[in-house]
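The listed protein sequences derive, respectively, from chains A and B.
Heads up: the first sequence at position 211 corresponds to 217 in the numbering used here, and the numbers run straight through without jumps.
Heads up: the second sequence at position 242 corresponds to 256 in the numbering used here, and the numbers run straight through without jumps.
No lab work stands behind these hints, which were simulated from the structure alone.
Among the hints, erroneous ones may be present.
Said to hold, decoys possible - Listed next, the in silico SDA-like pairs over lysine to any residue satisfying Cα-Cα at most 25 Å (straight line):
no.	chain 1	residue 1	chain 2	residue 2
1	A	Lys146	B	Gly29
2	A	Lys229	B	Arg294
3	A	Lys146	B	Arg294
4	A	Lys183	B	Glu260
5	A	Lys116	A	Tyr153
6	B	Lys26	A	His148
7	B	Lys26	A	Gly154
8	A	Lys146	B	Glu291
9	A	Lys183	B	Gly29
10	A	Lys229	B	Asp295
11	B	Lys26	A	Arg147
12	A	Lys146	B	Gln244
13	A	Lys106	B	Arg294
14	A	Lys146	A	Ala45
15	A	Lys183	B	Gln244
16	B	Lys26	A	Val161
17	A	Lys106	A	Phe30
18	A	Lys108	A	Ala45
19	B	Lys26	B	Gln262
20	A	Lys183	B	Gln262
21	B	Lys26	A	Asp152
22	A	Lys183	B	Arg270
23	A	Lys229	B	Leu297
24	A	Lys146	A	Phe30
25	B	Lys26	A	Gly149
26	A	Lys183	B	Ala268
As the list claims (entries may be wrong) - Where chain A lies over chain B, by a calculated footprint (3+ residues, C-beta under 8 Å):
no.	region
27	242–254
28	257–265
As the structure is a computational prediction, the values presented were derived from the model and not from experiment.
For every residue, glycine included, the Cβ atom is placed at its ideal position computed from N, Cα and C.
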Amino acid sequence: MLAYLGRRLLWSLFTVWAVVTLTFFIYNVLPEDPARVIAGPQARPADVARIRTQLGLDQPVHVRYGRYMSNLVRPPPETKDDAVWKLGPVRIDLGVSYLKRKPVTQLLAKALPPTLLVGFLALVIEVAIGAAAGVLAAMKRHGVLDYGTVGLTLVGISAPTFLTGLLLQHFFARELKLFPLDGYGQTSAEQLHSAFLPALTLGLYGAAYYTRLVRDEMITLLKEDYIRTARAKGQREWLVIVRHALRNALMPLVTVVGLSMGGLVGGAIVTEKIFRWPGIGSLSVDAIVERDGPVIMGVVILFSTVVVAANFLVDLSYAVLDPRIRKR
Amino acid sequence: MLDPRAFRRFQKNRGAVFGAGLVVLLVLFAVIGPMVSGHDPNLSDFTGGRDPSGSIAGPGGRHLLGVDPLLRDSFSRLAHGARISLLVAFFATTLSIVVGAAVGLASGYAEGTRAQSLDTVLMRAVDVGLSFPYLLLVMAIGAAVGETTIVTILMVLGLTSWFGTARIIRSKTIQVRHLDFIMASRALGQSTPAILLRHILPNVAGPLIVIASASVAQMIIAESVLSYLQVGLPPPTATWGRMLLEGQRFYTVAPRLVLAPGVLIFLAVLGFNLLGEGLRDALDPHED
Numbered sequence: 007m008l009a010y011l012g013r014r015l016l017w018s019l020f021t022v023w024a025v026v027t028l029t030f031f032i033y034n035v036l037p038e039d040p041a042r043v044i045a046g047p048q049a050r051p052a053d054v055a056r057i058r059t060q061l062g063l064d065q066p067v068h069v070r071y072g073r074y075m076s077n078l079v080r081p082p083p084e085t086k087d088d089a090v091w092k093l094g095p096v097r098i099d100l101g102v103s104y105l106k107r108k109p110v111t112q113l114l115a116k117a118l119p120p121t122l123l124v125g126f127l128a129l130v131i132e133v134a135i136g137a138a139a140g141v142l143a144a145m146k147r148h149g150v151l152d153y154g155t156v157g158l159t160l161v162g163i164s165a166p167t168f169l170t171g172l173l174l175q176h177f178f179a180r181e182l183k184l185f186p187l188d189g190y191g192q193t194s195a196e197q198l199h200s201a202f203l204p205a206l207t208l209g210l211y212g213a214a215y216y217t218r219l220v221r222d223e224m225i226t227l228l229k230e231d232y233i234r235t236a237r238a239k240g241q242r243e244w245l246v247i248v249r250h251a252l253r254n255a256l257m258p259l260v261t262v263v264g265l266s267m268g269g270l271v272g273g274a275i276v277t278e279k280i281f282r283w284p285g286i287g288s289l290s291v292d293a294i295v296e297r298d299g300p301v302i303m304g305v306v307i308l309f310s311t312v313v314v315a316a317n318f319l320v321d322l323s324y325a326v327l328d329p330r331i332r333k334r
Numbered sequence: 015m016l017d018p019r020a021f022r023r024f025q026k027n028r029g030a031v032f033g034a035g036l037v038v039l040l041v042l043f044a045v046i047g048p049m050v051s052g053h054d055p056n057l058s059d060f061t062g063g064r065d066p067s068g069s070i071a072g073p074g075g076r077h078l079l080g081v082d083p084l085l086r087d088s089f090s091r092l093a094h095g096a097r098i099s100l101l102v103a104f105f106a107t108t109l110s111i112v113v114g115a116a117v118g119l120a121s122g123y124a125e126g127t128r129a130q131s132l133d134t135v136l137m138r139a140v141d142v143g144l145s146f147p148y149l150l151l152v153m154a155i156g157a158a159v160g161e162t163t164i165v166t167i168l169m170v171l172g173l174t175s176w177f178g179t180a181r182i183i184r185s186k187t188i189q190v191r192h193l194d195f196i197m198a199s200r201a202l203g204q205s206t207p208a209i210l211l212r213h214i215l216p217n218v219a220g221p222l223i224v225i226a227s228a229s230v231a232q233m234i235i236a237e238s239v240l241s242y243l244q245v246g247l248p249p250p251t252a253t254w255g256r257m258l259l260e261g262q263r264f265y266t267v268a269p270r271l272v273l274a275p276g277v278l279i280f281l282a283v284l285g286f287n288l289l290g291e292g293l294r295d296a297l298d299p300h301e302d
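Work out the full structure: start from the sequences and follow the hints.
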């Protein structure tokens, strides 16, 4: 068990390292001069050269890579404490944004809460709608409700988030004026209020996937012997569903929640753009448009760590929940 | 390779037939649309582009679906957008399927043999690939390459999306590999590439076709997302995502500018998703 976990942890670390390295090289060997971007199109060549030296961009790419990686876990002593993340003895330093002139860790820390707020609300919406609709459809198999639900999930999966987002924004914010059009808000109440529409946009998309999974899982499970036993005991149908079937249906769904992290990331970029939400998605779009290398690297490191950690936790939960894997 | 019964099952599935119909209509729109529109998609019509009150011409009359705020013919732009969407989606999917199938076949065939290390390396690469924030990577490459063309977009999309395919094909290959006829052809001295191509590939073709259809839908969304975020094809090229973005500011006065590209993206994705599900049910019937 411990050996298995240790191996998985090592592979997770390796995966993050590989992602970071690949991103660094992809970004740095492409024909793009950050110094030129910072200095502006009108800058004199001497200024561009000076900025290039300042940022160390005149060094060969492997030297820059070595410096980036060593700074990452061992920041130079002159780095201020508020510019790094402390994880126990390790200090994570992601460098300084070219354009915003602020430590990347600070930018990420500022953008993270809004994204987490929307992501969490979206997950709640996704699981609530998905579980309810999936169970109902599975119970009324081949009925109008079932076909209706399956049809709706197809619509949900096919509707791009920017279309649903714009329509929700138009209907609920512009017409009904129930929610703010976009932006973040000052107080927590305002923030929660304005988080609802972006969360609904993401949540509806996720709910469509989730509903189908719950439905398929429930259909398989409802054929099991122990369900028949429970029914034969004369247990009420909803108790059979909730206590015996749904509980078991939830286990594979752990995986999906873990895996959907990646999907949420992609959806978040678009949703945050529509609702002008100051989260990680907006930060990364800005960084890419502005060619802000350190910020792009920071976002990639953050995202891949989250995805890898989520996968690791999913495996871990399986190992804990499923005795067959524990033995390996 | 394909069972005639599968075709009959497909025909009986109303959703699948509807999806196939949508796809056919879309292809027709992309092929014929630009020819029959009679307007250049990037040319502003200063004489006929305004209605008598001076605002941009709505649907009907000289421009079938009206013009956009730059007085360009909407129908023509939508049809050109369909061309780009389908071209990118089709070629990116082909690329992704070819790479994914090759890696999956090699990895699945090597699994548990002397060439186990090949399987390990390939699957670790897939793990890494699946941990990439894929949209972000696509955007970063797209932005850094500078001049974005159809080719760069479809290369980037195709080369960053084969990881899932490789995993599925690998597990199918492992299932097929132990069947008797594979053993027989190996005993007869057939070479490994021949076995892979002639015997295993046809047996994993079903899942591949299904993945391809779903992948086209994903690629259509991905291309429009890139355009919507302004890291796709640069203007004035007409793409659905870009049209949606440009129409957004005019939503209150001319909702059609957002709805037309939005609904087209939706229908295209729906069509390929329905087609994919129909193919899955037809090729891989599960007993109820």
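Status of each hint after checking the structure:
Between the alpha carbons of lysine 146 of chain A and glycine 29 of chain B the distance comes to roughly 20 Å, so the proposed pair stays at or under 25 Å and holds. Among the hinted pairs, lysine 229 of chain A with arginine 294 of chain B is consistent with the structure: their alpha-carbon atoms are about 22 Å apart, no more than 25 Å. Between lysine 146 of chain A and arginine 294 of chain B the CA atoms are separated by roughly 23 Å; this keeps the pair inside 25 Å, and the hint holds. For the suggested pair lysine 183 of chain A and glutamate 260 of chain B, the alpha carbons sit about 24 Å apart, so the restraint of at most 25 Å is met.
Of the supplied pair hints, the one linking lysine 116 of chain A and tyrosine 153 of chain A is violated, its CA atoms being roughly 44 Å apart against a limit of 25 Å. Between lysine 26 of chain B and histidine 148 of chain A the CA atoms are separated by roughly 16 Å; this keeps the pair inside 25 Å, and the hint holds. Among the hinted pairs, lysine 26 of chain B with glycine 154 of chain A is consistent with the structure: their alpha-carbon atoms are about 19 Å apart, no more than 25 Å. For a cut-off of 25 Å, the pair hint linking lysine 146 of chain A to glutamate 291 of chain B stands: about 21 Å separates their Cα positions.
Restraint check for lysine 183 of chain A and glycine 29 of chain B: not satisfied, since their Cα atoms lie roughly 37 Å apart, outside the 25 Å limit. Of the supplied pair hints, the one linking lysine 229 of chain A and aspartate 295 of chain B holds, its CA atoms being roughly 20 Å apart against a limit of 25 Å. Of the pairs offered as hints, the one joining lysine 26 of chain B and arginine 147 of chain A holds, with about 19 Å between alpha carbons and a cut-off of 25 Å not exceeded. About 45 Å separates the Cα atoms of lysine 146 of chain A and glutamine 244 of chain B, which puts this hinted pair outside 25 Å; it is violated.
A C-alpha spacing of about 50 Å is found between lysine 106 of chain A and arginine 294 of chain B, which places the hinted pair above 25 Å, so the restraint is violated. The straight-line distance between the Cα atoms of lysine 146 of chain A and alanine 45 of chain A is roughly 64 Å, outside the 25 Å bound, and the hint therefore fails. A threshold of 25 Å between alpha carbons decides the hint, and for lysine 183 of chain A with glutamine 244 of chain B the separation of about 29 Å lies outside it, so the pair is violated. Restraint check for lysine 26 of chain B and valine 161 of chain A: the C-alpha separation of about 21 Å stays at or below 25 Å, so the hint holds.
At roughly 20 Å between alpha-carbon atoms, lysine 106 of chain A and phenylalanine 30 of chain A fall within 25 Å of each other, so this suggested pair holds. A distance of roughly 17 Å separates the Cα atoms of lysine 108 of chain A and alanine 45 of chain A; the hinted pair therefore holds under the 25 Å criterion. Note on lysine 26 of chain B and glutamine 262 of chain B: the hinted pairing is violated, with a Cα-Cα distance of about 41 Å set against a maximum of 25 Å. Proximity of lysine 183 of chain A to glutamine 262 of chain B is assessed by CA-CA distance (about 18 Å); at most 25 Å being required, the pair is judged to hold.
With a C-alpha separation of about 19 Å, the suggested pairing of lysine 26 of chain B with aspartate 152 of chain A holds against the 25 Å cut-off. Distance hint between lysine 183 of chain A and arginine 270 of chain B is fulfilled; the C-alpha atoms sit about 22 Å from each other, no more than 25 Å. Proximity of lysine 229 of chain A to leucine 297 of chain B is assessed by CA-CA distance (about 24 Å); at most 25 Å being required, the pair is judged to hold. At roughly 52 Å between alpha-carbon atoms, lysine 146 of chain A and phenylalanine 30 of chain A are farther apart than 25 Å, so this suggested pair is violated.
In summary, the hint linking lysine 26 of chain B to glycine 149 of chain A is supported, as the alpha carbons are separated by about 18 Å, within the 25 Å threshold. Distance hint between lysine 183 of chain A and alanine 268 of chain B is fulfilled; the C-alpha atoms sit about 20 Å from each other, no more than 25 Å. For the region 242–254 of chain B, the stated coverage by chain A holds: 4 residues have a C-beta nearer than 8 Å to a C-beta of that chain, and at least 3 were required. For the region 257–265 of chain B, the stated coverage by chain A is satisfied: 3 residues place a CB nearer than 8 Å to a CB of that chain, which reaches the threshold of 3.
Hints 5, 9, 12, 13, 14, 15, 19, 24 from the earlier list are contradicted by this structure; the remaining hints agree with it.
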